[in-house]
Each structure stands twice: as structure tokens, then as C-alpha cells.
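Trainee: Spelled out, the chains give:
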Amino acid sequence: MELLDRYLEAIRKHLPWKRQDDILAELRANFEAQLEDREAELGRPLTQVETEDWLRELGSPLRVAARYQPQQYLIGPSLFPIYWMMLKIVLLWVAIIYCISNAVLLATERLSWHALPHLAVSLPFSLLWSAGVITLIFAAIELVSVHFPEKLSKVGALHNEWSPASLPPLPKPQKDGKRRSYAKAVTEVVAQSIFLSIWLIMPHYPVILLGPAAFAVQASPITYAPVLAQFYWSVAAFSFIEVFWKAVKLARGTWQEKGQVQRIVLAVLGLAPTLLMVSAPGRIYFLLKQSGALPPGLSLDVLNQGIYKISVFILVITLLQLAWEVGRYLLNRQHQRAAAL
Amino acid sequence: MTLSENLFENLRLELRRGCLTLAVLGQLRQEHYGYTLRKALAERGLAIDESTLYPLLRRLETQGLLTSQWREEEKRNKRFYRLSADGERIFTQLVDEWRSINAAIDNIFAH
Numbered sequence: 001m002e003l004l005d006r007y008l009e010a011i012r013k014h015l016p017w018k019r020q021d022d023i024l025a026e027l028r029a030n031f032e033a034q035l036e037d038r039e040a041e042l043g044r045p046l047t048q049v050e051t052e053d054w055l056r057e058l059g060s061p062l063r064v065a066a067r068y069q070p071q072q073y074l075i076g077p078s079l080f081p082i083y084w085m086m087l088k089i090v091l092l093w094v095a096i097i098y099c100i101s102n103a104v105l106l107a108t109e110r111l112s113w114h115a116l117p118h119l120a121v122s123l124p125f126s127l128l129w130s131a132g133v134i135t136l137i138f139a140a141i142e143l144v145s146v147h148f149p150e151k152l153s154k155v156g157a158l159h160n161e162w163s164p165a166s167l168p169p170l171p172k173p174q175k176d177g178k179r180r181s182y183a184k185a186v187t188e189v190v191a192q193s194i195f196l197s198i199w200l201i202m203p204h205y206p207v208i209l210l211g212p213a214a215f216a217v218q219a220s221p222i223t224y225a226p227v228l229a230q231f232y233w234s235v236a237a238f239s240f241i242e243v244f245w246k247a248v249k250l251a252r253g254t255w256q257e258k259g260q261v262q263r264i265v266l267a268v269l270g271l272a273p274t275l276l277m278v279s280a281p282g283r284i285y286f287l288l289k290q291s292g293a294l295p296p297g298l299s300l301d302v303l304n305q306g307i308y309k310i311s312v313f314i315l316v317i318t319l320l321q322l323a324w325e326v327g328r329y330l331l332n333r334q335h336q337r338a339a340a341l
Numbered sequence: 342m343t344l345s346e347n348l349f350e351n352l353r354l355e356l357r358r359g360c361l362t363l364a365v366l367g368q369l370r371q372e373h374y375g376y377t378l379r380k381a382l383a384e385r386g387l388a389i390d391e392s393t394l395y396p397l398l399r400r401l402e403t404q405g406l407l408t409s410q411w412r413e414e415e416k417r418n419k420r421f422y423r424l425s426a427d428g429e430r431i432f433t434q435l436v437d438e439w440r441s442i443n444a445a446i447d448n449i450f451a452h
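Top to bottom, those sequences are chains A and B.
Residue 203 in the numbering used here sits at position 203 of the first sequence, with consecutive numbering throughout.
To convert a position in the second sequence, counted from 1, into the numbering used here, add 341.
Because the hints were derived from the structure by calculation, they are not lab data.
Think of the CB as a built atom: it goes at the ideal place given N, C-alpha and C, for glycine as much as any other residue.
A few of these clues could be false.
Stated by the list, open to error - Calculated cross-link-like contacts (lysine to aspartate or glutamate; reagent style DMTMM-like; alpha-carbon spacing at most 25 Å):
1) B:Lys416 <-> A:Glu188
2) B:Lys416 <-> A:Glu242
3) B:Lys380 <-> A:Glu242
4) B:Lys380 <-> A:Glu188
What the hints assert, rightly or not - Non-contacting residues of chain A with respect to chain B, defined by C-beta distances greater than 12 Å in every case (computed):
5) Asn30
6) Ala65
7) Ala131
8) Tyr182
9) Ile222
10) Thr318
To be verified - Some chain B residues well away from chain A (every beta-carbon gap over 12 Å; in silico):
11) Glu350
12) Leu378
13) Arg379
14) Lys380
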């Protein structure tokens, strides 16, 4: 029966190559027995049309062969939750870094504004490429865990190694009784990313911060002391860490938690820029340019002293906030221990 | 197929999927090759596709629950399956489990 032979040959191409002959021999025996039964019922051989209908009932060669494959999915159920979480985190970060880096390049005129439509169209391709890389990595891990299970025996057990004691506490509802919404959490990340972009662009466009006064400052005999550059970069680093932390919480689905530890860590990190300002050598924040001279009545000392006093004030407020957060954290721990007893 | 029919069909397949292994092991207390096994199951009320049955037989053999041998019968080479020693042991355990589940389900329906 030529059609059956062609059908079996088409199935062979998609079978696992090590077992092709064995599987095909078994399929041939079973299909031929089926064919004999049908012909015995009809009392005659099947016609071409009847044979085609019968083969159509059996299913396409690809579908028949697929059931003999050892692996039926690209990423299996044990690995999929981790893959999904990583994919969300990576895509979020690719989008943030793409937007920030191109915003800086546009602002510093390393890219023309005419490139903006192209950049907008390219973002989905960047995201697709990143998703493809992550998927390939996890598909490779799945392949190794299926064919060499002893090498990746812990992959399947990842979800089993967790402690109920490490579960996060229930989120507290807002004062109006509602929980912190996803939209609000996303808005915070986007707004902070925009702030970071503006902060990074600002040295090239001081008008963003100072407005028209920026031109007056540029023309003035005053220039920035090195401590202001350190302050600038410490604020950028702090902002980046804050955006990163919030983006990770968003991707992990824990955006509803305020996180006392997070607040304390951020408060400690937030001390760095202020400490830099307070400990500036000679408390000098602005200097006279080499060829400059201040107009009569204006004093750099007064300006620098003023900035120093403001920095000290901010430092005291930040330390009080930190003390408050640490106090609340210790009090909560005490209450939890008392409740456990 | 409507949404409701589709849902029923999916749930029906899920329900059957768990029973097929037990049915196949039960029928292979006697020796069969693929086609006669399928016929025997159909005659006893459990119709099963070739595309489901044959890979299932391979998987059960890989798991050590079945043994197979090629033999010529009616001028044709056929692969005959039957339960292995491990397969008989597991089958007995599965039958007990099946009866226990059946009793529990009947209990639930009775209330």
C-alpha cells in the first residue's frame, strides 16, 4: 500500500533518530492490522479516497511523531515560573536602560532628534531580542535537565527549597482602605526614571534646573567646586539604586509591600550625598573662576556658608528619619517576637 | 464547538488521561500487540487513539512496567507487550488506589 508507505516515511523524518526504525516497525505492524480489519469489514480493498480519509483520522505525520519525542515543551513547568519572573525583570530593565541611555544621547546631541521615530520603533525589537535570548537560555537549561537530569537535579527542586518563615508580611492597606495599586507603583518607577534621565542630562542643560538663571550662572565669575560633582554622582547612584529596587519589586509582584528594611537601607544610602556636602573641604562649594571677580556686595563665603548650613539641616532631618525608621523596625520585631511566644 | 462544549471536552480528556495508564496495565495482564490492545480496550468501553496508545506503551516500557518482544505472526512482525514483574506490583497498588478514589467519589456524590 503505497500511500501507507509514504505516510510512514513522512512520520520517520520527525521521529527521534535513535529509535526511528523500531518505532516505525511497530507503527507499520499496527496500521497494517487496522487496514486488514477495515478491508475485512468491507470485503474489499480500500479505495484511494477511503485510505486518505483513514490516514487523515490517524493525524498528520508531524503530530503522530511528536508524541514520541521525549520533551514536549520548550520550558517545563518546574522551570517556567523562574523563567517568567526573569523575563519580566529583564524586559523592564531593557526598557528603562534603553529609554534613559537614548534620552541622554539625544540631549547631549550624540543622536539627532530626527532619530526619535526610529528609536521608538526600535524599542519593541530590542525587547523582542532580549526576550529571545532569555527564552533560549532557559530552553537550554530545560534541555540539559531533561537529557542529563543528574547534572541539573536541583533545577526541579528550586521551588521546594523555601521557608514559610521567610514569607513577606501582609501588606497594610492605605489609610483610605485600599491597597497600593499597580498603576501607582508603575508610575513611581516611570517618574523616578524620568527624574534620573533629567538628572543625567542636566550638566549639559543646566537650564533644566536653574531656568534662565543658568545663563547668568554660566556668564558669572563663579564655578563649581569638585565636591558638587561628587554630590551630583552620588545622587545619580542613589536614584539608580532606588529605581532598580522598585523595578525589581514590580517585576516580582511585591510592589504592595512598603518594606521597612528597604526604607532603612535607602535612608542610609540617602545620607551619602548629604555627608559629602557637609564634609566638603573647607566647606567650599563654589569657587571664583581664575579670571573672575565678584561684583561689590556679593560674597562667596556667605554663599558657601549658606549651602553648608542647609546641608547640615538636611543631614539632621535625614538622621532623624533614619532613627525613626530603625526605631519602628525594632519595635515591630519586638511585637512579632512577643506574638510568636 | 461552543465554549461550554470545549470546556467539557478538555475536562473529559483530563479525566480520561489518569485512567488510561491503569486500563492499559490492566489489559496487559494478558499479552497484546498495539492493535489488539486497542481493540480489546474499545470492546470493554474505553476507546483510545493510536496516537495516544502507542507512545504510552513506549513510555510504560521505558519506566520498566512492561516488557515487549518482536514476534512474527501471520507473516508479519509484531511487537507484543505484557506486564513486567514491576508492572504487576505497581498495577496492584494502582488498583487499590483506584478503588479508594472511587469510594471517596461515591461518598461525595452520596451527600
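Trainee: Now tell me, hint by hint, if it's right for this structure.
Mentor: Do the hints match the structure? See the list:
1. B:Lys416 <-> A:Glu188: Violated - the C-alpha atoms of A:Glu188 and B:Lys416 are around 76 Å apart, more than 25 Å.
2. B:Lys416 <-> A:Glu242: Violated, at about 77 Å.
3. B:Lys380 <-> A:Glu242: violated, 67 Å
4. B:Lys380 <-> A:Glu188: Measuring from Cα to Cα gives roughly 65 Å; hence the hint is violated.
5. Asn30: Given a closest Cβ separation of 4 Å, the condition is violated.
6. Ala65: violated, 10 Å
7. Ala131: A:Ala131 clear of chain B: closest Cβ-Cβ about 28 Å, beyond 12 Å.
8. Tyr182: holds, 29 Å
9. Ile222: The claim holds: A:Ile222 sits with its nearest Cβ about 73 Å from chain B, beyond 12 Å.
10. Thr318: holds, 58 Å
11. Glu350: holds, 17 Å
12. Leu378: The assertion about B:Leu378 is violated, with a minimum of 9 Å to chain A.
13. Arg379: Violated, because the least Cβ-Cβ distance between B:Arg379 and chain A comes to about 8 Å, which does not exceed 12 Å.
14. Lys380: violated, 8 Å
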